[in-house]
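Protein chains: 2
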Amino acid sequence: MTFKTSIKAPRGSELTCKGWTQEAAMRMLMNNLDPEVAENPDELVVYGGIGKAARNWESYEQIIESLKKLENDETLIVQSGKPVAVFRTHENAPRVLIANSNLVPQWANWDKFYELEERDLMMYGQMTAGSWIYIGAQGILQGTYLSFVEAGKKVFGSADLRGKFILTGGMGGMSGAQPLAGKMAGAVILVVEVERAKIERKIKEGYCDYLVETVDEAIALVNELREKNEPASIGLVGNCADVNRELLNRGIIPDFVTDQTSAHDPINGYVPNGMTLEEAFALRKADPKTYEQKAKETMAEHVRTMLEFQEKGAEVFDYGNNIRAYAQEMGVENAFDFPGFVPAYIRPLFCEGKGPFRWAALSGDPEDIYKTDALAKEMFANDEGLVNWIDMAQKMVKWQGLPARICWLGYGDRHRFALRVNEMVASGELKAPIVFGRDHLDSGSVASPNRETEGMRDGTDAVSDWPLLNALVNTASGASWVSLHHGGGVGMGFSQHAGQVLVADGSELAAEKIKRVLVADPGMGVVRHADAGYDIAIRTAKEKGVQMPMLKD
Amino acid sequence: MTFKTSIKAPRGSELTCKGWTQEAAMRMLMNNLDPEVAENPDELVVYGGIGKAARNWESYEQIIESLKKLENDETLIVQSGKPVAVFRTHENAPRVLIANSNLVPQWANWDKFYELEERDLMMYGQMTAGSWIYIGAQGILQGTYLSFVEAGKKVFGSADLRGKFILTGGMGGMSGAQPLAGKMAGAVILVVEVERAKIERKIKEGYCDYLVETVDEAIALVNELREKNEPASIGLVGNCADVNRELLNRGIIPDFVTDQTSAHDPINGYVPNGMTLEEAFALRKADPKTYEQKAKETMAEHVRTMLEFQEKGAEVFDYGNNIRAYAQEMGVENAFDFPGFVPAYIRPLFCEGKGPFRWAALSGDPEDIYKTDALAKEMFANDEGLVNWIDMAQKMVKWQGLPARICWLGYGDRHRFALRVNEMVASGELKAPIVFGRDHLDSGSVASPNRETEGMRDGTDAVSDWPLLNALVNTASGASWVSLHHGGGVGMGFSQHAGQVLVADGSELAAEKIKRVLVADPGMGVVRHADAGYDIAIRTAKEKGVQMPMLKD
Ligand SMILES: NC(=O)c1ccc[n+]([C@@H]2O[C@H](COP(=O)([O-])OP(=O)(O)OC[C@H]3O[C@@H](n4cnc5c(N)ncnc54)[C@H](O)[C@@H]3O)[C@@H](O)[C@H]2O)c1
Ligand SMILES: NC(=O)c1ccc[n+]([C@@H]2O[C@H](COP(=O)([O-])OP(=O)(O)OC[C@H]3O[C@@H](n4cnc5c(N)ncnc54)[C@H](O)[C@@H]3O)[C@@H](O)[C@H]2O)c1
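Order-wise, the sequence lines are chains A and B.
Each residue of the first sequence is one higher than the one before, starting from 10 at the first, in the numbering used here.
Each residue of the second sequence is one higher than the one before, starting from 10 at the first, in the numbering used here.
I should point out that these hints are in silico values taken from the structure, not numbers from a laboratory.
These numbers come from a predicted model, not from an experiment.
Hints are supplied without guarantee of correctness; some may be wrong.
For identical chains, the list gives no copy identity; a pair is met inside one copy or between any two copies.
As the list claims (entries may be wrong) - In silico DSSO-like links for lysine-lysine, alpha-carbon gap of 30 Å or less:
#1 213 <-> 78
#2 561 <-> 524
#3 440 <-> 17
#4 551 <-> 524
#5 77 <-> 561
#6 553 <-> 77
#7 121 <-> 561
#8 78 <-> 237
#9 524 <-> 78
#10 162 <-> 553
#11 294 <-> 321
#12 440 <-> 237
#13 321 <-> 380
#14 121 <-> 305
#15 561 <-> 17
#16 440 <-> 524
#17 440 <-> 551
#18 524 <-> 27
#19 121 <-> 78
#20 440 <-> 404
#21 561 <-> 237
#22 121 <-> 404
#23 524 <-> 77
#24 121 <-> 524
#25 27 <-> 78
Construct the complete structure from the given sequences, taking the supplied hints into account.
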């Protein structure tokens, strides 16, 4: 059962549930499926291939129903997008506990998943889709921007990428942040996307400047813009494997090459070459096994082009879609010769508990976010990058669904900031409560050896005790809802990760929860990296007084 | 660093920590390593192959230290047996959160585990070893007894196995419950065990009656005892694969055949045939890869004998050590032709939220347990099996470490019973607080497709959302400590499971927690089975008012 729908979360300060925590969960679930936010709301798909917010429409309706009835000392249990139980807990406990797409390791693969999914027994939660804190393309924008900036610093010693050329793939839910992020960093960015409509959408949303149809046009435009030192983004309709090969054939070597097509899912994500898009979609339906094979073959070609770009001097990195693993499976033995973006650029931030922290205004009023922007600029005035980010975001980011802001804050700053916001809710300065959340791709909430935990210093890439402990400690600390997922980002079998969201409704209780949750949550990130031996994390733990019983002096 | 040790938990009503919850965690951790309880305390090994209570001695000491200092609103985080952090939470939160042996699925195998374990980066927690609620052989005794009784009912229509013959293997930590359980059920039980000292230990503990050295002696003794209709247990020193084959050669077909050798671990558990025990142990150290190969080959032989017994009319079942999977890997294609004990006998109990519930007396005084025994017999006087069990346990079970009782209570009964016990603590009728816990092998706390969730009605054997949700809801409800493990029972890659322990210290707060935790914990079992379509579970949910938003009327 699926039907066309047009969901919009209620706005304003009036409660439809019995408390703001339940209300927030309800609004954020609805917001995830808002057509302004979701990639394919009719199928309950939020982003990232088939990342869903609820298992099916009946489950969606029953979740909403349950949240409306839920008391302030009850907890709703959601299993792979289906509301399965309600238990009595207490007011310091989460109102919703979620587990999505988890499979016992020996069976943790796409085949088993799809077998269960087809029988409506499971759902793919991706990261923030099934945990109700996706906020549209902005959610990934700052992280993508940061990665480009850090890459620039590494290669050219400068955060300013003016005149530089970035080549990448994918303009979907998250990958659609790339054109804007590249432009924000100052570069000319060319994004290859197989579906024309995706580029058109990003142009409409203000995330992309130009659409071109041919490699010739693309090259001409790139050259023109680079000469003018003009930051800009271009979408090229095409398949990455083909376009990259053509660029190589013509001897065109970009400064940076990466890729964010949905390679994590070789059946319902990545599109093979050698056929039209219509043929590909038809094959996907008719013969998923053959489709999968062809998709993986194209990934192998695609990764080979990336390796060649690297050989010829480009800075090449994997952008978190697990394309290297599939290419390796298909015989590209040296697929892992180029690094992932986390070990290459992001890990030092994780060591300070930094990661894609975000908040959304339940009022629906952009003014509320502008006020929090001003607060952030005031509190973190010394952090030039942060101030710049907020200025740029205000200028360039269009609202999608409930107004929201992403801002990579770290240990110590998250709770201090949220406490001030909570006061602003209490005083009426903000029109309604604010929800604080984050991606599962955070400092201490994920184990994913081909992405967030690639190449850990002590070799503990695959140890997934950490995300499980993260979910447990967030639950113990009183987050509003907590989730444990499997397979996000890199696909089934390759990751385990946790999410949490916390509502600041201006109450004393919310302040208490903020002081616990927004300390322990990034705290687990500092601890995880300090335990692995990273100096920055060890220093952060010591300076900020994170209690680690076995940390040597 | 390992050293000889002789740990004993403090007894009595005096606190060494800042609260009874911390005190209980400390005493139960110590109790797990009490030489009366643990299989190999010098190596921190509690039971089940290499199931440990802490990663190493330094970690053990720091856990104890941390628990002694821990405030009543703090939570200690333990990662694979190492205390990694302390965060401020609140009094309704667990005092300890534990994750053991969890690996991202693609890397979730023994090779990766041992690679990390050798570098002291990981620990195997089994089920109750790493979650500090192992209570010695009794812990598994009632479950083993119940399985034999249910098997008897199924084959002979009678719970009384007098004159019947059970053949099995293994007399270690848990498997050592078999001889006594078989005898309790009335049968003559022959247990093949490769290590003579293990049988001697069980004889000393009163769990086994006879030790024999040869198959001839064994057969003679079995026949004699069966003729006399005398319930008895016999340990035979030998390798199962060899002994089973010899019995088949002689045409001896027992009524029941099963096995509980430590087949879940082909390197540090199961012993291959064709060499002496000393040779095997030397090979294990010198060349683990060859050892593993030989162990798996022996398992294949072993399973083949079980299949032959089945063909010749014996009731054959797998007893939860994953031996079928390894045999299948080694080419025994029909290894799964005999069922596991859960689908065969135990699942109907799970549907009512029943499972290996247990409690221990922190006073150290057996009188406290006798008083709880009396209470159970009074409260559940209508349940003949339960009353019999307690009578038998009082007669036959020797105390190991802190006095404890196992009793398979279900949804509704667990919290009612615990509330009464809490009152007895409050009134001083019991000398010190009681801890309530359970095995991870419980109604709603485990996903293990070759064991607890084998052959689920809706095909969701491999879905591990359930144990994760179980841990989250126990954390949200205020259990004293909560754990999430991987690989227990059946080995790396094959299971995920959760544990919880709750202290009844006589306080009002403890009563509140009992009403939440001991409802939600078995409640998740009822929900998991009702969601899978089991009639008994659906009926239980409806009759007892478990809230399931999507359960149809
Ligand atoms: N920071 C990170 O680690 C990070 C951030 C964002 C996304 N990702 C990963 O990037 C991937 C994409 O995420 P998403 O939300 O954008 O998914 P999505 O499915 O919404 O978008 C992917 C896009 O790639 C296009 N595409 C597929 N195959 C292609 C091909 N061969 N050539 C050109 N275009 C092709 C699709 O048409 C689609 O528009 C995922 O694997 C995700 O995990 C990682
Ligand atoms: N209800 C259940 O599902 C359940 C209950 C208890 C144990 N188990 C499983 O049973 C296994 C044993 O658990 P344990 O705690 O007793 O482990 P353990 O290691 O303490 O004991 C196993 C015993 O088997 C013996 N053994 C090994 N290979 C042998 C062989 N080839 N022939 C004869 N004896 C051999 C060992 O010497 C050892 O004494 C585990 O896999 C455990 O998960 C399952």
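Hints and how they fare:
| no. | hint | verdict |
| --- | --- | --- |
| 1 | 213 <-> 78 | neither (39 Å within a copy, 58 Å between copies) |
| 2 | 561 <-> 524 | within (26 Å within a copy, 41 Å between copies) |
| 3 | 440 <-> 17 | within (18 Å within a copy, 59 Å between copies) |
| 4 | 551 <-> 524 | within (19 Å within a copy, 40 Å between copies) |
| 5 | 77 <-> 561 | between (49 Å within a copy, 19 Å between copies) |
| 6 | 553 <-> 77 | between (40 Å within a copy, 23 Å between copies) |
| 7 | 121 <-> 561 | between (44 Å within a copy, 27 Å between copies) |
| 8 | 78 <-> 237 | neither (59 Å within a copy, 64 Å between copies) |
| 9 | 524 <-> 78 | both (28 Å within a copy, 21 Å between copies) |
| 10 | 162 <-> 553 | within (27 Å within a copy, 63 Å between copies) |
| 11 | 294 <-> 321 | neither (39 Å within a copy, 48 Å between copies) |
| 12 | 440 <-> 237 | neither (44 Å within a copy, 84 Å between copies) |
| 13 | 321 <-> 380 | neither (47 Å within a copy, 79 Å between copies) |
| 14 | 121 <-> 305 | both (18 Å within a copy, 26 Å between copies) |
| 15 | 561 <-> 17 | between (52 Å within a copy, 28 Å between copies) |
| 16 | 440 <-> 524 | within (22 Å within a copy, 38 Å between copies) |
| 17 | 440 <-> 551 | neither (39 Å within a copy, 43 Å between copies) |
| 18 | 524 <-> 27 | both (24 Å within a copy, 23 Å between copies) |
| 19 | 121 <-> 78 | neither (35 Å within a copy, 46 Å between copies) |
| 20 | 440 <-> 404 | within (23 Å within a copy, 69 Å between copies) |
| 21 | 561 <-> 237 | neither (54 Å within a copy, 66 Å between copies) |
| 22 | 121 <-> 404 | neither (45 Å within a copy, 48 Å between copies) |
| 23 | 524 <-> 77 | both (27 Å within a copy, 24 Å between copies) |
| 24 | 121 <-> 524 | neither (41 Å within a copy, 38 Å between copies) |
| 25 | 27 <-> 78 | within (7 Å within a copy, 39 Å between copies) |
Hints 1, 8, 11, 12, 13, 17, 19, 21, 22 and 24 from the earlier list are contradicted by this structure; the remaining hints agree with it.
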